[in-house]
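J.: Residue numbers (our numbering), protein chains in the order written: chain A, 1 to 428; chain B, 10001 to 11001.
Keep in mind that a hint or two might mislead.
[Claimed, not checked] If you want the footprint, here are the derived chain B segments under chain A, 3+ residues with CB under 8 Å: (1) 10476-10485; (2) 10614-10628; (3) 10812-10818.
[Claimed, not checked] Within a straight-line C-alpha distance of at most 25 Å, the following computed PhoX-like cross-link-like pairs (lysine-lysine) qualify: (4) K94(A) / K10758(B); (5) K10275(B) / K10252(B); (6) K10862(B) / K10848(B); (7) K10121(B) / K10103(B); (8) K10275(B) / K10121(B); (9) K10060(B) / K10305(B); (10) K428(A) / K336(A); (11) K10505(B) / K10275(B); (12) K10848(B) / K336(A); (13) K10103(B) / K10304(B); (14) K10516(B) / K10305(B); (15) K326(A) / K10862(B); (16) K326(A) / K10887(B); (17) K326(A) / K10848(B); (18) K10103(B) / K10298(B).
None of these hints come from the bench; they were simulated from the model.
On a predicted model such as this, the values are computed, not experimentally measured, just so you know.
Cβ coordinates follow ideal geometry from the N, Cα and C atoms, glycine included.
The residues making up each chain are set out below.
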Amino acid sequence: MEFLDQPVELSLDLCLKCNICTTVCPVMAVTEAFPGPKYAGPQAGRFRGGEQLTPDASVDYCSGCRACNMACPAGVKIAEMNARARGALVEQGKVAPLKRLRNNLVARAATLGQVAQPVAPLANLAMGLKPARWAADVFLGIHHEAPFPPFSRESFTGWLRQHQAERRKAAPGAPGVGSVVYFHGCSTEYYEPRVGKAAVRVLERLGYEVIVPRQNCCGLPLLSNGEFPAARQYHENNVRSLLPYARQGIPIVGTSTSCTLTLKEEAPELLDMHDEATRLVAESTYDFNEFILASGRLTEEVLSQEIALRLPYHIPCQYRAHRIGKPGLEALSLVKGLSVVDGGHTCCGIAGTYGYKTEKYAIAQAVGAALFDWVTGFGAPLAVCDSETCRWQITHATGIPAIHPVELLSAAMGYAPEGALRDVLQLK
Amino acid sequence: MRIIPTEILVIGGGATGSGVARDLAMRGFQTVLVERGDLSEGTTGRYHGLLHSGGRYAVKDPLAAQECIQENRILRRIMPGCIEDTGGFFVQTPGDDPLYAEKFAAACQQSGIPCEDVSLKQMLREEPRLNPAITRCFRVPDGAADSFLAADLNAASARAYGATVLKYHPVLRLLTETTAGEDRRRVCGALCHDRIHDEEVEIHADLVINAAGAWAGQIAGSAGIAVQMIPGKGTMVAVNHRIVHTVINRLKMPGDGDILVPAHTVAVIGTTDVKVPDADNYAIEPWEVQLMLEEGEKLIPGFKKLRFLRAWAGVRPLYQEARWADQPAQNRDVTRAFVLLDHETRDGVAGLLTITGGKWTTYRKMAEVTVDKVCEKLNSPRPCRTHLEALPSAAPAQGGTGHAHSDAHSGMRTHSDGHAHSLGQRLAEIEREHAYGQLICECELATRRQVADAIRSGDVHTLDDIRRDVRLGMGPCQSGFCALRAAGLMAALAPADYLPAENGKMLRDFLQERWKGLTPILWGQQLRQERLNELMYLDVLNVDHLGEKAERRAAASQAADERPGDKPQSPASRRGTPAGETTLVIGGGLSGLSAAWQAARHGQSVTLISKGWGANHWGAGCVDLLGYAQGDLVQAPRQALQALIQAEPRHPYALAGLETIEQALHSLQTLCQESNYPLHGSLAQNWLLPTAAGALRPTCLAPETMIAGDCRQDGRMLIVGFEPFLDFWPQWIAGNLQQQGLEAEGVLLDMPGLRARKLVNGLILAGLFDQADFRRQVAAALQSVEHRRRLAGAQRIGFPAVLGLRHALEAKQHLESLLGAPVFEIPGLPPSIPGLRLHHILIEAVRKSGGQVFEGMLVTDKQARPAEGSNGPALEFVLSEAAARPKAHRAGRFILATGGILGGGYSAEADGSLHESALGLPLAAPQREAWLQARFLAAEGHAVFRAGLAVNAHFQPVNADGQVFYENLYAAGGAIGGFDPLRERSLEGAALATGYAVGAL
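Given these sequences and hints, build the entire structure.
T.: Following this line, the structure appears as structure tokens:
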């Protein structure tokens, strides 16, 4: 179809005004602050440009969840149009300085992590202080209840160095089926190293040598805050660092579904990076589950341990936006004894950094309300979700810990689980 | 007959006429202007909107060029609100004469036109879409003008100075008299026809100004004076959005298709110049459109592939004082300078001046010269001031045109605001006012306030008049969503002489007017858009039959609901697909969902993938099986189906067979029953249910929430709408129902809770109706003193089809118990809440049966296994578009349920070819010339929409020789060609029956 190669802005010409997007937009359903995907996207798009690039600041209330894109029968790239309109707002100085400072704070998990992780206990203590949170709310616009996870005391890459050293000692030069680059993302590095550990173990068990090259934040939080130049810098760095592997045909695999989507599509598309290097990196990038399923090595034999749990599962919007189905669910269906149920909810509301913001926190909670009710009503000790911010949102709203599918796969392979999964399995 | 005496009569309400009227009035002449239609309905409203710098004529026609630049400066001063300072480029594209550039620069200098040499780098920075192969670029002070607004403001100014402006007053003939004693005739006025009141009016004047443009010859001719106009048709094409923000001219001698003007939200490419014998009767030729596209491609690579909104033509009032035979062979060689003919000296007939030729840009100068002549004739020298005094802008209304004022209450300004004519302004205003819930025309952001102001001005007689005032219906959907809203609003505001009988016609006329401008450019996405408009106005609203009294009464019968009794429960399995077979369904509309559901029920492992959602979200939420056969209302579907099956053996219904159709209906009824959302009806009879246009639509199965509205039954209806829900106008609906012999009354509920909302659409109302509390509020509002009497008189109560998304049946029953009368829903514009309910029920059914459903997946390619031995070729997998790389879907069986043109199953191209989108199957296309009918609502339908795949008895797509393309490929729903589900009103029935059949195979 011709519209596949339509640039973002031209895709507004595909709109039939048919309103299907408005039936799926989770934000429009709960707030009047956002005029809806049809209005903010292709409709307003015809009025932007010329003297007034983006006179409609309400477009900033789009959470970027892409439910509209997925439902649109015509192929309008609504979420991307909205992201670009937001980028224009920032570029034109239409975002108040304090708000922009706030956006940059919440969008720079990597910087934050670099500063805070070495003093994790202290940082966590500060983050937990009510007066501090209120001050951030009042002065910066970061909601005092925003679901920030605690910093991990140990970094993922710190663990990895040790792990790889031990592995070399134990089995020097063991023959494998090939190499894989692991893109861990900021959350694994600073907050949830257990996800990365599980991923490395699973990949190694499947016979792959795991390489973890230098990497930046994928840039998505910056993109979704309209900070395009900074995002471009991040992405250029990542492309530079990942390109040599992509050139050798080594797949790049990530457990964060939003990071992998950014590498695959968001960054090149939003930033108009269509060079060969960016394209090659994009085409070499895989979601973790997508990759292990395609490898054909994830057999019931490998998944030897039974996990007798029935758990609620939520597929993140950014995962759906890969348009590859539900590989997370598919992989987990191979685990003996495990039953994972998809509730079919559109969005948890957090949308990256959206739900952290004072003016959007309540919207994000309302968007996720049905999901939260369902998770709570499910009565399981854990919930499963592939994206970090969604997990934190679910846990924040329900009090139920949320884990990544890879943690279950790793446990099913017999590796010792960590965190909430360990607690649950120990209890059993 | 009325007689209106005046000093001066001006004939023509275009730029020139309204400009002359203003000048006359400002100089104190008593003035009457008559216009045969609406202001700027002629050439003024049909040009590309270019404010010339004069650059275009600098080399060839220096006189015209000088006039242009002088007036350009004046107009920027006196009508800033009508002019957008876009600036203009003259660019040399490959193949253009390189020597022209120097001539151009020199000529501009001579004519006093500022002309700056622009570096190509700078040019591309400002206009990145321009052809990088352009070799030269000059900047000149071109601009974009809103000619509708300018004429309105000139007329408003004239009125403010005491002139009378009479629209819809065509001149029947000039009146002449011969003064006693003299042998000379003089023109002393004109006989007009007041089309509003249908009476003749004589206007007596000392002097008549003929400013009728291309029609000036006819006017003069009615007094026996020969003025040989050369009507020069110019065709223009509008691009869906503003691809450039600067006027782009080609740096060459003026020719066809060499100007691209950013105008409001669109960019207009023009024009051709074709001599036409009749200024009222001309067609847009395919070559003209083709030429615009080819020339546009030279300016902007990829231009041809853009979406085009519309094509139209205006007729230039070219004039050269010469005999017809001596005139230039090419219209381009006729001067663009204007002429003033004094018929006293020219023809010996006093009392008449003709002003013609010229450009929109020079209209004011033309007026000045004309009125100078008037002063001379009447021996009353008075100086011109039109170049000194700005036109009224955003001035308070003075009983004037209704669009030259702002509304103090809302702060929302109509389009005459000083800065209205710049891209982004409307969006900025709506943002400021949070008015996005008040849009009548969503594409062009025309608010209810603006449309209401136009209507209230009393100067609006058609929906097209509103269009010229507020750009109603001028965007991508070309009136799809706004026509109904504007018609309803017009009825709600009910001017004194409002006749509901006129309303259906008014709506249809507007749809037809839009259609006329669409047909030359209907392919690709715009054709798809038109199909959606057809779905709305035919299938859902039944506007094509609005006002027909049909054999409604004859059909009246008590037993509408033949409950499905002992129908066969197990679907016939014709092929016996083994359980466990993997089936991939492509398409998420009703046909795809039914196929997936049936296949999953039969134990197949089913995955449904779909680019997005489909017609369930747009339709009425009923199952239309067969509503019209050969244009006649179908009352008993079973008999009509039998006849159809007999007559058209290739029709999907014939392939499915009556038994399968019945089973399909029955299975859906059972499913809906189990989902607590019963569908009622049977093959015995069609329901006749009211629509949001007040028409009556035949349908076979209707949800329980709708059936109390059955119009074959008697029972006084109360139709209830909600402020500010713009898709449902109860007075209008009731008026139209009354006109069809039904008892109905409308009431618009104004509830504070809804008023306080910024946006009230169907989804929001449905969410509210899911809550018992809101239902109680609605009932209380209806039982209030204000509405109690109406409620008491009602035997049934109709609401828009928004009575809950999740708890519709409960909502209906609750309302009935609160109101004490049967309640029913009336379907309207998308999104369809009843359709969404069915969609959710079916998705749930597929999942419960073990199937999977994925949206956002567009199939773009396939892999097939070649024929082997006795086995024909078969599909191995299809590929769907995904982030970074396509995703493969393997299956044993593939069901193509991608729909027709509207669903995206196939696309129609400008070259007349049709493409099947998913698998690239060859399609037979009707001749390009035969694609479309002249009438939008033509009963026979448009041939292009009947195209589609041919299938065999097992619904397998076959080639022209009847051989299957792939052994394991089936088709369902709109992907199958040979029928027009919208004309037949068989959209859901055909989807359901074929989906059921292939799913259960």
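J.: When you check the alpha-carbon spacing of K326(A) and K10862(B), does it fall within 25 Å?
T.: The hint holds at about 21 Å.
J.: Can you confirm whether the C-alpha distance between K10848(B) and K336(A) stays at or below 25 Å?
T.: Holds. K10848(B) to K336(A) sits at ~22 Å (cutoff 25 Å).
J.: Check whether the Cα positions of K10275(B) and K10252(B) lie no farther apart than 25 Å.
T.: Holds, because 22 Å separates the two Cα atoms, which is no more than 25 Å.
J.: Regarding the pair K10862(B) and K10848(B), is the alpha-carbon distance no greater than 25 Å?
T.: Given that 25 Å is the threshold and the Cα spacing comes to 29 Å, the pair is violated.
J.: Can you tell me if the stretch 10476-10485 of chain B counts as covered by chain A, using C-beta to C-beta distances under 8 Å and a minimum of three residues?
T.: Contact hint for the stretch 10476-10485 of chain B vs chain A: holds, 4 residues under 8 Å.
J.: K10121(B) and K10103(B): Cα distance at most 25 Å?
T.: Between K10121(B) and K10103(B) the Cα gap is close to 23 Å, so the pair holds against 25 Å.
J.: When you check the alpha-carbon spacing of K428(A) and K336(A), does it fall within 25 Å?
T.: Distance ~16 Å between K428(A) and K336(A) Cα, so the pair holds.
J.: Taking beta carbons only, do three or more residues of the stretch 10812-10818 of chain B come closer than 8 Å to chain A?
T.: It is violated, with 0 qualifying residues against the three required.
J.: Within 25 Å, alpha carbon to alpha carbon, are K10275(B) and K10121(B)?
T.: 40 Å, violated
J.: Would the hint linking K326(A) and K10887(B) be met if the CA-CA limit is 25 Å?
T.: With a Cα-Cα distance of about 12 Å, the restraint between K326(A) and K10887(B) holds, given a limit of 25 Å.
J.: For the pair supplied as a hint, K10505(B) and K10275(B), confirm whether the alpha-carbon distance does not exceed 25 Å.
T.: Measuring from Cα to Cα gives roughly 34 Å; hence the hint is violated.
J.: Taken at face value, is the distance from the CA of K10305(B) to the CA of K10060(B) at most 25 Å?
T.: 33 Å, violated
Taken one by one, the earlier hints fail for this structure at numbers 3, 6, 8, 9, 11, 13, listed in ascending order.
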